[in-house]
Every structure is written in C-alpha cells, then in structure tokens.
Amino acid sequence: MTNNFKLEFPNLACNEGFARMAATAFILELDPTCAELSEIKTAVSEAVTNAIIHGYKNKSGTVILEGNLSENTVTFTITDFGEGIENIEMARKPLYTGSCDSERSGMGFTIMEAFTDSMTVTSKKGEGTTVTLTKVIGKGAPEND
Amino acid sequence: MNIELSGQQQLLTVRLEGELDHASTGRIKDELEAELMHTGAKNVAFDFSAVTFMDSSGIGMILGRYKTVKSLGGRIILVGMSREIERIVKMSGIDKLAEIY
Ligand SMILES: Nc1ncnc2c1ncn2[C@@H]1O[C@H](COP(=O)(O)OP(=O)(O)O)[C@@H](O)[C@H]1O
Ligand SMILES: [Mg+2]
Numbered sequence: 001m002t003n004n005f006k007l008e009f010p011n012l013a014c015n016e017g018f019a020r021m022a023a024t025a026f027i028l029e030l031d032p033t034c035a036e037l038s039e040i041k042t043a044v045s046e047a048v049t050n051a052i053i054h055g056y057k058n059k060s061g062t063v064i065l066e067g068n069l070s071e072n073t074v075t076f077t078i079t080d081f082g083e084g085i086e087n088i089e090m091a092r093k094p095l096y097t098g099s100c101d102s103e104r105s106g107m108g109f110t111i112m113e114a115f116t117d118s119m120t121v122t123s124k125k126g127e128g129t130t131v132t133l134t135k136v137i138g139k140g141a142p143e144n145d
Numbered sequence: 001m002n003i004e005l006s007g008q009q010q011l012l013t014v015r016l017e018g019e020l021d022h023a024s025t026g027r028i029k030d031e032l033e034a035e036l037m038h039t040g041a042k043n044v045a046f047d048f049s050a051v052t053f054m055d056s057s058g059i060g061m062i063l064g065r066y067k068t069v070k071s072l073g074g075r076i077i078l079v080g081m082s083r084e085i086e087r088i089v090k091m092s093g094i095d096k097l098a099e100i101y
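Protein sequences, first through last, are from chains A and B.
Take the first sequence: its position 60, counted from the start at 1, is 60 in the working numbering, and no numbers get skipped.
Take the second sequence: its position 70, counted from the start at 1, is 70 in the working numbering, and no numbers get skipped.
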C-alpha cells in the first residue's frame with residue numbers, strides 16, 4: 001500500500017489546525033493507536049507552526065505539507081521558503097528558542113523528535129527549511145490499545 | 001475559555017477549552033494577563049479537562065504565566081490533564097514548577 005498527498009497553504013495560524021487534521025486523516029487507514037495519532041498530530045503541528053511563525057516572521061509566505069505512506073511507514077515533510085535556520089544543531093536543543101517572543105517554549109524540535117522515529121532538518125539561510133518526520137505505525141502495539 | 005476568580009486564595013481558575021496551539025494561545029495570554037492585573041489575584045489554576053489538543057505553544061503559554069505569578073509571589077496549579085498533555089508537560093519540566101492534581 002502506497003499513498004501520498006501534497007498541500008500548499010499560506011502561513012496563517014488557522015492553517016495549523018487544518019494541517020493537523022489532514023495529517024491525522026491521512027494515516028487513519030493504517031489503523032493507528034490513539035497514542036500514535038496524537039504523536040503524529042503533535043509533531044506535524046510543531047513543524048507547521050515553526051514554518052508559519054519562524055520561517056516567515058511577520059511576512060506572508062507559503063507552507064507545503066506533504067505526506068507519503070509506504071506499507072506502515074508514514075513520512076511527512078514540511079517546507080517553507082523563509083528565513084532558514086543558521087545553526088540547526090543549536091535550534092534542535094531542548095528549551096532553545098531563537099524567537100524574541102517570550103511565549104515560545106523552545107520545545108518544538110524536542111517534541112517532534114520524541115514523537116517520531118526520525119526527524120531530519122535541512123535549511124539554508126535565506127532560502128527556507130524542510131523538516132522530514134518519519135514514523136512506523138503499528139509497531140507491535142497491543143491489540144486492545 | 002472561562003475565567004473565574006475565587007476570592008479567598010486570590011486564585012484565578014481558568015477553564016481552558018478546545019485546542020491549545022499557537023493560533024489560540026495569544027488571546028488566552030492577553031485575557032489572563034489583563035485579569036491578573038484587574039483582580040489582583042496571584043495564583044492561577046488551569047483546568048485542562050476540556051482541552052482536546054495541546055502542543056508546545058501551550059507549554060509556552062503556561063511558562064509565561066508561571067513567570068508572571070512567580071513575580072507576584074504566587075503559584076501555578078494544573079488540573080485535569082490528559083495523558084498526552086501530561087507527557088509534554090513533563091517533557092518540558094514544567095511539572096516541577098507547578099502543582100499538579
Ligand atoms: N521553519 C523554520 N524557519 C526558521 N527558523 C526556525 C524554523 N523552525 C525552527 N526554527 C528556529 O528553531 C528554534 C527552535 O524551534 P522550536 O524547538 O520549535 O522552539 P520554539 O518554536 O518554541 O522557538 C526557533 O525558535 C527558531 O529560531
Ligand atoms: Mg516551535
């Protein structure tokens with residue numbers, strides 16, 4: 001079984017919820033557990049939120065969310081064409097935020113990493129960022145979960 | 001969101017509802033900061049029992065209010081968290097800054 005989708009939307013905050021719904025609906029046919037659904041929903045929310053707020057700051061821009069499904073492995077890529085990340089290693093550290101908004105927790109990348117099987121970040125200053133999240137669904141999960 | 005003041009303990013009880021993400025936390029922050037100013041309360045209890053989703057923007061919002069009440073000599077109380085919410089709360093270490101019921 002393989003499947004894929006591609007969504008393109010402007011960096012509006014209301015599209016965070018839309019992207020979460022799309023991502024969770026896409027994996028439903030793999031019969032995920034509640035925990036797996038919640039992990040995917042949260043990880044995609046983190047990546048899309050980062051693209052919307054950090055990628056473009058206060059400018060407007062386009063975010064692309066792609067989903068790929070192969071057997072029981074799902075991959076989401078979230079792309080923006082904004083500022084880019086200068087120091088990816090530092091950005092990924094727990095509690096690190098490069099934002100001057102005091103309401104940012106710096107936990108986004110940490111959550112994405114914890115809730116997926118792998119996370120890769122590629123970025124180029126001034127050109128944008130792509131985050132790839134991969135997760136195997138139904139990894140020996142108990143039947144009655 | 002529903003904010004209630006319980007006078008005796010200068011406690012604001014905040015009943016959060018729906019999805020806590022970057023799209024919703026800005027307004028919650030503004031309303032709560034205004035309420036803390038107006039009422040003179042210094043403790044905040046967040047009730048999560050009607051929250052259906054929360055990501056790190058929710059963590060940031062709680063941390064922000066922790067800083068405010070700490071400067072007033074107050075404390076933060078977290079109640080009614082689902083397993084999912086408790087997991088990211090613990091991951092970020094705010095369980096050590098707040099009282100959890
Ligand atoms: N798409 C992006 N474009 C530019 N910078 C980003 C992007 N994603 C993340 N960053 C940078 O990495 C930092 C850490 O991100 P994260 O862990 O999600 O924490 P937070 O969003 O709370 O700041 C951000 O503050 C930002 O500086
Ligand atoms: Mg983030």
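Don't take each hint at face value.
Part of the chain A face toward chain B, derived, beta carbon under 7 Å [said to hold, decoys possible]:
{"id": "1", "residue": "A13"}
{"id": "2", "residue": "E46"}
{"id": "3", "residue": "G108"}
{"id": "4", "residue": "T134"}
{"id": "5", "residue": "V136"}
Hint data in this document are derived by calculation from the structure and do not stem from the laboratory.
The model shown is predicted, which means the values in this text are computed figures rather than measured ones.
The beta-carbon is built from N, C-alpha and C at its ideal position, and this holds for glycine as well.
Against the structure, the hints:
1. A13: For A13 of chain A, the interface hint holds, since the closest Cβ of chain B sits about 4 Å away, which is under 7 Å.
2. E46: It holds, given that the least Cβ distance between E46 of chain A and chain B is near 6 Å, below 7 Å.
3. G108: This interface hint holds because 5 Å falls under the 7 Å limit.
4. T134: Where the cut-off is 7 Å and the nearest Cβ of chain B is about 19 Å from T134 of chain A, the hint is violated.
5. V136: violated, 19 Å
This entry does not satisfy hints 4, 5, going by the numbered hints stated previously.
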